[in-house]
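Trainee: Next come the chains, spelled out residue by residue.
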Amino acid sequence: MLIDVHAHWGPWFFSMDVASIDTNIDGLNRFGIDLQLVSAIEAIVYDAPLGNRSLAEQLPADPRLRGMIVVDPRRLDEARTDLDELLAGDGRTRWVGAKIHTEYSRTPMTSPAMQAAIELTTEYGLPTLVHTWGDTVVDLADVAARVPGARVLAGHMGANGWPRVPEAADRCDRVWFEPCWSAPEANRIRWILDRIDPGRMMFGTDATLIDPSVALGALEAADLTPDEHEAVTHRNAIALFGL
Amino acid sequence: MTENPLLLDCDVLVGHDVTTGRWGRPENVAKVFAESGISGGVVSGLRAVHFDVPSGNDEARQVADGNGWSTCPVLDLRDPLGAEKELERQLASDTPPRAIRLAPTAQSVEPAYPAFGHVAQLLVDAGLTIFTEGDVRKVGPALRGLGARVVFLDTHFYYLGDFVLLARSEPGFHTSTRMLTGPDSLEIVAAEVGAERLVLGCRTPFHETRSVIRRLLSSKLSPDEIAQAGSRSLTTLLEPAC
Chain A
1 MLIDVHAHWG PWFFSMDVAS IDTNIDGLNR FGIDLQLVSA IEAIVYDAPL GNRSLAEQLP
61 ADPRLRGMIV VDPRRLDEAR TDLDELLAGD GRTRWVGAKI HTEYSRTPMT SPAMQAAIEL
121 TTEYGLPTLV HTWGDTVVDL ADVAARVPGA RVLAGHMGAN GWPRVPEAAD RCDRVWFEPC
181 WSAPEANRIR WILDRIDPGR MMFGTDATLI DPSVALGALE AADLTPDEHE AVTHRNAIAL
241 FGL
Chain B
1 MTENPLLLDC DVLVGHDVTT GRWGRPENVA KVFAESGISG GVVSGLRAVH FDVPSGNDEA
61 RQVADGNGWS TCPVLDLRDP LGAEKELERQ LASDTPPRAI RLAPTAQSVE PAYPAFGHVA
121 QLLVDAGLTI FTEGDVRKVG PALRGLGARV VFLDTHFYYL GDFVLLARSE PGFHTSTRML
181 TGPDSLEIVA AEVGAERLVL GCRTPFHETR SVIRRLLSSK LSPDEIAQAG SRSLTTLLEP
241 AC
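Protein sequences, first through last, are from chains A and B. Residues in the first sequence are numbered from 1 upward in steps of one, following UniProt numbering. Residues in the second sequence are numbered from 1 upward in steps of one, following UniProt numbering.
Since the hints were made in silico from the structure, they are not lab data. Hints may be right or wrong, so weigh each one.
[Said to hold, decoys possible] Sample of chain A residues facing chain B (criterion: CB under 10 Å; computed from the structure): (1) Pro11; (2) Ser15; (3) Met16; (4) Asp34; (5) Ala113; (6) Tyr124; (7) Asn160; (8) Arg164; (9) Asn187; (10) Thr208; (11) Val214; (12) Ala221; (13) Asp223; (14) Asp227; (15) Glu228; (16) Gly242.
Predicted model only: the values in this text are computed from it and were never measured. C-beta atoms are modelled at their ideal positions from N, C-alpha and C, and glycine is treated no differently.
Given these sequences and hints, build the entire structure.
Mentor: Dropping the structure here:
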């Protein structure tokens, strides 16, 4: 089983044509992805409430899709409304987590607004995927440590900050790590799994920004043990997101 | 996925990456090649990029000769006068190179500096292919209008549109596949300017080679286009210019 915990839907402003939900479905089919946790690009880069609602209309397109509610730390009142409305009724069967992007929301990881955003998603019991780059992977662990009950997933596991993942894992036991990256450096996953519990890492692609083959190639290069493979490809995601 | 096309990596580095502290060891390159189905590649020396060009290039040549790979000497853009001498030395050798690698970012040389233009012109005059690191949006314009044969080693798919614009008017412009990692990046380049402009580049052993290979082999390019990008483009670039 393969679960992609870091994916998106919608158009990007680069020279690429990935706007349709069919691009997601094509990736699921071609790469054998059984479940994909998706957030709206519109919500990340422009308007969180509007993007979340756009995604709500797309999720029924395929039973393998689950939603991630984007929270803009600068608009927490509206985020609370999103959480109330989207999670109401049987909403938690479609929406399984939250997503926060530090750079597009222009909100530094160490800022009070970021902590407040994670306090909000924690209040609603949602694991939260947070974009991390460089040293912010450690900063995220510190934020999680300060928010009781917070469960956060470090998207990109810091990208070029990956050598600091073991330090981040030590600082808080409620932070997990997801390694997708458009320019992956060699041997990151193996190096990290030799230093942290395999229960702390899970598979993500950054589709449809990045082709899933890139993350799968990095996973193959890590030469995982059977137990590590099961943990990273699906067991940890099922436990964290209640899938 | 296309099975078993010949794969050659145009972007191999050995030596010390002083920015991260990691090392590219020849035996590690060979191991990654074997695991990834790569038959060979073009190797340059980080000693030449960061410290001493002649000894670094000699080191890379030894590695290449010892493993059946090709070598791509480096010139130091911080020392255009030394670059003239090193190019002379390389061209006078028993097996002169077919390509030269430039590292403007690592050497903190802007493409607008006189040294960059001078060295680029020397390489064009010598009929050599230029393998260049750096942002294609900055390096590309500095190489326009020279009739240069170039492989941009650091083209990220965020800037794919810039590469295509450059390549439309420059038939000698090519791009490494390494960071064309969007779901349709390789396919867009092939459709816009042809698969012969795609050159497999993995930056073994510093970049995740398996990701680059898997992206190419599982792409929506035709088998012939995959074979073109996988090895034929590079082979053509390393042939003497007519």
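Trainee: Indicate, hint by hint, whether the structure satisfies it.
Mentor: Comparing the hints with the structure gives:
1. Pro11: violated (12 Å)
2. Ser15: holds (3 Å)
3. Met16: holds (5 Å)
4. Asp34: violated (18 Å)
5. Ala113: violated (27 Å)
6. Tyr124: Violated: closest Cβ of chain B sits about 32 Å from tyrosine 124 (chain A), beyond 10 Å.
7. Asn160: holds (8 Å)
8. Arg164: violated (13 Å)
9. Asn187: Because about 8 Å separates asparagine 187 (chain A) from the closest Cβ in chain B, which is inside the 10 Å limit, the hint holds.
10. Thr208: Status holds, d = 6 Å.
11. Val214: holds (4 Å)
12. Ala221: Holds, about 4 Å.
13. Asp223: holds (9 Å)
14. Asp227: violated (21 Å)
15. Glu228: violated (16 Å)
16. Gly242: violated (29 Å)
Hint compliance for this structure: hints 1, 4, 5, 6, 8, 14, 15, 16 are not met, and every other hint is.
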